[in-house]
Amino acid sequence: MEVLVLSCGMGGGHNAAGRAVAEELERRGHSVVFMNAFRLNGDRVASIVNGAYIKIAQRVPRLFGLIYMLGNAYRKLPVKSPVYWANGKMADSVEQFLLKHTFDAVVMTHVFPAQTFAKLKENHVCIPKTYLVATDYTCIPFLEETDCDYCIIPSKELTQEFCDYGFQKERLLPFGIPVGRAFFEEETKEEARERLGIFRDGFCMLLSGGSIGAGKLPKAIRVLTEVLLENPENRLIVICGNNQKLYQKLQKKYGSQTQICLLQKTSHMAEYMKACDVLISKPGGLTSTEAAASETPLIHISPIPGCETHNMEFFEKHGMSIAVRNLKKELLPAVRKLQSPKRALDMKKAQRMYVNRFSVVDLCDKIEQEISKQKEKL
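In our numbering, the protein residues as written are 13 to 390.
Rather than coming from a laboratory, the hints here were simulated on the basis of the structure.
Check each hint, because a few of them may be wrong.
Capping the alpha-carbon separation at 30 Å, the derived lysine-lysine pairs in DSBU-like fashion look like this [claimed, not checked]:
(1) Lys141 <-> Lys389
(2) Lys201 <-> Lys92
(3) Lys360 <-> Lys133
(4) Lys361 <-> Lys340
(5) Lys181 <-> Lys201
(6) Lys277 <-> Lys261
(7) Lys389 <-> Lys201
(8) Lys181 <-> Lys228
(9) Lys360 <-> Lys349
(10) Lys277 <-> Lys389
(11) Lys88 <-> Lys168
Taking CB as the label site, the calculated pair distances span [as the list claims (entries may be wrong)]:
(12) Ala85 <-> Arg364: 18 to 26 Å
(13) Lys261 <-> Cys138: 46 to 54 Å
(14) Lys168 <-> Pro345: 29 to 37 Å
(15) Gln381 <-> Glu169: 40 to 48 Å
(16) Leu344 <-> Lys264: 18 to 26 Å
(17) Leu275 <-> Glu199: 42 to 50 Å
(18) Lys361 <-> Ala85: 22 to 30 Å
(19) Arg355 <-> Lys264: 30 to 38 Å
(20) Gln256 <-> Gly331: 18 to 26 Å
(21) Thr200 <-> Leu82: 45 to 53 Å
(22) Met81 <-> Lys361: 14 to 22 Å
None of these values were measured; they are calculated from a predicted model.
C-beta atoms are modelled at their ideal positions from N, C-alpha and C, and glycine is treated no differently.
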């Protein structure tokens, strides 16, 4: 089976979900091409689009919130959005790529390439079976302008919301957001710490700003220092992602402190989650799902307004995280709660109940079944 997986570099979550699907398919012996959809229009276009998103999310997250709000307002109009027409301009490039390569299925983890494929359908171009993965716990603006064969949604509880925006129920697959196998494979905290070669004892906090290093990390560190002062064995691991300026700033201030470990981006996020007693992070859809899949107690901070606000509300509502809206007043009490073994265990049980950790397995099973049926008909 030949599968094309298209992502977008606007935040690491879309890529992480795409890689999870690609790796699972490859593990099963299938051939996979994984790429940023904008690369089909040239590296320069991809860099401009990705860079613009990252700058807005890092420096002026409120502007991102305004854009999201405008998108929600625009979707009420009876015409397709400018975003749809912009992504529709990629249709010729994608069509040429499909003519040169044969694929049985296309999996997309971002709305932009899915809009491009909707335009191809509108132009009556013959395309493979298409699967859109929604990576946030809400139906974000312009998803309804897509026309994939199936849409994978994070939870069955969101079915009605997606239907209200025009999705057909039979096309919705409530498998959950796909995460890599490393997050749901069984491993104890002690085993993860040993594998990473880090300390074995003490209460360990993992602080992350996602792939872009957003989320007021310096302010959070100042608050969390109080936990470190209580016990010399307590630790704080900070992951700065691709935010080089943030990493250098924190190195100058905390680089010599033995209780604080500063990292840039890491390919061992699953191990760090399992090794730590609590993850403190902005509520990205993928990171939150990864935490739930690995059963890591979770505190949400500093959401980028828009879809991340919905993610935080969904997790808070189901007891899968503690939502902190004021770092100075609420972060330390939230950590205190999760230092209680009972509270931490209750949260892990909720994560197990409301998040399907095996989503990537279910999705790849579905793709194999659909393509098998399709080939039997030929």
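Here is what the structure says about each hint:
Restraint check: the Cα-Cα separation between Lys141 and Lys389 comes to about 14 Å, which is no more than 30 Å; the hinted pair holds. Simply put, Lys201 and Lys92 have alpha-carbon atoms about 49 Å apart, too far for the 30 Å limit, and the pair is violated. Between the alpha carbons of Lys360 and Lys133 the distance comes to roughly 43 Å, so the proposed pair goes past 30 Å and is violated. Distance hint between Lys361 and Lys340 is fulfilled; the C-alpha atoms sit about 28 Å from each other, no more than 30 Å.
The straight-line distance between the Cα atoms of Lys181 and Lys201 is roughly 40 Å, outside the 30 Å bound, and the hint therefore fails. A C-alpha spacing of about 15 Å is found between Lys277 and Lys261, which places the hinted pair at or below 30 Å, so the restraint holds. Pair hint Lys389 plus Lys201 does not hold up; C-alpha atoms about 49 Å apart against a cutoff of 30 Å. For the suggested pair Lys181 and Lys228, the alpha carbons sit about 39 Å apart, so the restraint of at most 30 Å is broken.
Distance check on the hinted pair: Lys360 and Lys349 sit about 14 Å apart at the alpha-carbon level, within 30 Å; holds. Between the alpha carbons of Lys277 and Lys389 the distance comes to roughly 46 Å, so the proposed pair goes past 30 Å and is violated. For the proposed pair Lys88 and Lys168, the alpha carbon gap of about 24 Å is at most 30 Å, so the pair holds. Restraint check, Ala85 to Arg364: a C-beta distance of roughly 38 Å breaks the suggested window 18 to 26 Å.
Restraint check, Lys261 to Cys138: a C-beta distance of roughly 52 Å satisfies the suggested window 46 to 54 Å. The hinted range of 29 to 37 Å is satisfied by Lys168 and Pro345, whose Cβ atoms lie roughly 33 Å apart. Distance hint for Gln381 and Glu169: a CB-CB separation of about 25 Å, inconsistent with the stated range 40 to 48 Å. About 24 Å separates the C-beta atoms of Leu344 and Lys264, a value consistent with the hinted range of 18 to 26 Å.
The given range of 42 to 50 Å is broken by Leu275 and Glu199, whose C-beta atoms sit roughly 19 Å from each other. Range check, Lys361 to Ala85: about 39 Å between beta-carbon atoms, so the 22 to 30 Å window is missed. In this structure the hint that Arg355 and Lys264 lie 30 to 38 Å apart at CB holds, the actual value being about 35 Å. Remark: the range hint 18 to 26 Å for Gln256 to Gly331 is contradicted by a beta-carbon distance near 36 Å.
Checked against the hint of 45 to 53 Å, the pair Thr200 and Leu82 passes, with Cβ atoms roughly 47 Å apart. The hinted range of 14 to 22 Å is not satisfied by Met81 and Lys361, whose Cβ atoms lie roughly 35 Å apart.
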